[in-house]
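**Q** So the protein sequences, as listed, match chains A and B.
Residue 1 is where the first sequence starts when you use my numbering, and the numbers rise one by one after that.
Residue 1001 is where the second sequence starts when you use my numbering, and the numbers rise one by one after that.
Derived Cβ-Cβ restraints for the label pairs, each shown as a range:
1. A/Thr306 to B/Leu1127: 51 to 61 Å
2. A/Ile362 to B/Val1026: 22 to 32 Å
3. B/Asn1116 to A/Gly175: 47 to 57 Å
4. B/Met1130 to A/Ala348: 15 to 25 Å
5. A/Gly353 to B/Gly1105: 16 to 26 Å
6. A/Ile362 to B/Ala1062: 38 to 48 Å
7. B/Pro1084 to A/Arg365: 31 to 41 Å
8. B/Ala1136 to A/Asn371: 44 to 54 Å
9. B/Ala1051 to A/Met125: 28 to 38 Å
10. A/Ile362 to B/Ile1007: 22 to 32 Å
11. A/Lys224 to B/Ala1062: 58 to 68 Å
12. A/Glu308 to B/Ala1051: 41 to 51 Å
13. A/Gly346 to B/Asn1116: 25 to 35 Å
14. A/Gly353 to B/Leu1092: 15 to 25 Å
DSS-like, lysine-lysine: derived pairs with alpha carbons at most 30 Å apart:
15. A/Lys250 to A/Lys206
16. A/Lys280 to A/Lys334
17. A/Lys250 to A/Lys334
18. B/Lys1148 to A/Lys161
19. A/Lys252 to A/Lys216
20. B/Lys1005 to A/Lys368
21. A/Lys252 to A/Lys224
22. A/Lys206 to B/Lys1148
23. A/Lys224 to A/Lys206
24. A/Lys280 to B/Lys1148
25. B/Lys1078 to B/Lys1005
26. A/Lys369 to B/Lys1196
27. A/Lys206 to A/Lys66
28. B/Lys1117 to A/Lys368
29. B/Lys1148 to A/Lys207
30. A/Lys369 to B/Lys1106
31. B/Lys1148 to A/Lys334
Just so you have them, the derived chain A footprint on chain B, three or more residues with Cβ under 8 Å:
32. 1034-1041
33. 1047-1061
34. 1094-1108
35. 1169-1183
In case anyone wonders, no lab produced these hints; they're calculated from the structure.
Glycine included, each C-beta is placed from N, C-alpha and C at the ideal position.
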Amino acid sequence: MRKMNDFPLRYGLYIILTCSLWPTNLWAVENSECFECHSDESLTKESTDNILQAAITESLYVDEDKFEKSIHNINGIACVDCHADIEELDWNEEVPHALYLEMVRCVWCHEDSGEEFKNSVHMKMRTKGITMTCYACHGYHYVHQMEGASVAERTNSICLKCHNPNQFHDWLPSGDAHFASVECVVCHAPEVPRHIDLRFYDLLTKKFYTGDELVKILSLDFDKIIQTIDTNQDEIIDLNEFDDLFFMLKQKNIRPILRAELVADINSIAHQINRGSAQKTCENCHASDSPYFNAVSIILTWDDGTLERYNIDRAILESYYVSHFYLLGGTRVKLLDKIGLLIIAGGACTAFGHFVIRVLTISLRRRKKENGN
Amino acid sequence: MTNGKLIYIYPLPVRVWHWINASGFVLLILTGFQIRYAEMFNFMTLPNAIAVHNYVGFVVIANFFIWLIYYLGSGNVKIYIPDPRNLAALALRQVHYYGYGIFVGKPNPHIATAENKFNPLQQVVYLAIMFVFLPAQMMSGLFLWQIKRYEEYINLLGGIKLLDTIHVLLFFFFSSYLFIHCYLATLGHTPLARFKAMFTGYEEHRE
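Assemble the whole structure, with the sequences as input and the hints as a guide.
**A** As structure tokens, then:
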């Protein structure tokens, strides 16, 4: 009997205690609940375009597969973390949340980026009545991990949505070569830290080798790949270690090339884009001592979507291992300069030496002429 | 006022070609240095140096084809072709002259005429320059001018750095050659005689 009386009290206390210790988001709206409606491709709402100020029909469909691969989902950001004004869903209503939601403010999390953006040309456009939102460039539900993204992926998904690089770049020699290998913000946000990304590429299949493929080809232990390559364990792969790596690949009859690209670090400063502030001094890049090539790394992407980056000695860029990327003057082969000096000095010295001997032998010829006469 | 026999040796098209080529080479070499060594030289901005290099490059390419059409059309291209039967002997004789004979006052064993303008050493060098080195330089320059457009060809050649290596080694060779060429041009009967001949077309031969 006594036991029966204790039971509700004891278990009631357990429940209260558990609830007080449990994360509050246990009770939050789950993503799956949102997708009850938002996986419907026909879900729309009437809205107004913020640039054209015209009535538009806006899709409210969210592709769940694409969302799951987004950087926000990977990092555990749920729908209601951004749509924070949805606290609960009322399934008795046709629309289970408020009809008009607050605008999502990316700066709630991306505070630094917001600060940099405030002083950018994209913010100043507001004075002309055009509002550039974060997601106009970055999108929202499907924002990708850009860390290992190529120049094409970076620019196609952001800058090229609005800008045509073939306009305003008439002054730039070999513009298309720059656009293919240099990310826009490297020049347009000159303060942003940048680095060279190297990737193994097969010219025949026109595909990049993934980390998993290389591990399999080289029969390496997944966890020991860097120890195998970086033999002196100084956390930077130098030219000798690179020789060994290419030799190992050659032994497996694999002859990849190294594709190189100059990209910006994932850094809020990349938002600091202003009219007239772009890097236009070519010599800052096209010089052998340019700081633009101080950071060089090789990227290995893994099948689970993650990637690893290994630091490389910048001397690699001046070697013939990177023979499909050449930055005029900047990554020139220094050995050629020495050979060139020898060739030119050889020509000049031969001519000068011959001339000197002719001068020294003037008397000889004069004597011969006099004897002849 | 001359003391020797004047021989018409450089026809007008050859002289025009030569001086366009010469000024083109000087400009290409100067801008080439500015482009490759932007951190050392500062006589022109890099975009300007590249623009001048590109324009002049095309002038030199067009000029090469004028030269080729003229020499092939007139049949005079044979002056560039050495006779393999006596090439070694004649070349050695010419080497002996430049290495010894010229210092002791021996006459040049080769006497230039319109039909036999070049000594065997010149024949070998000019043949290599006009039919191998210059076309290679023009082709590599053309590919480097538009690297994205010619990307497939560049990849077939082993990549842009290898292509650049060819272009740069030839650039060093031509720069070096310019010293030798100009110096050898002073070895006429007066230091300026051959330079004048390349303007007037007439070379003076003295007994």
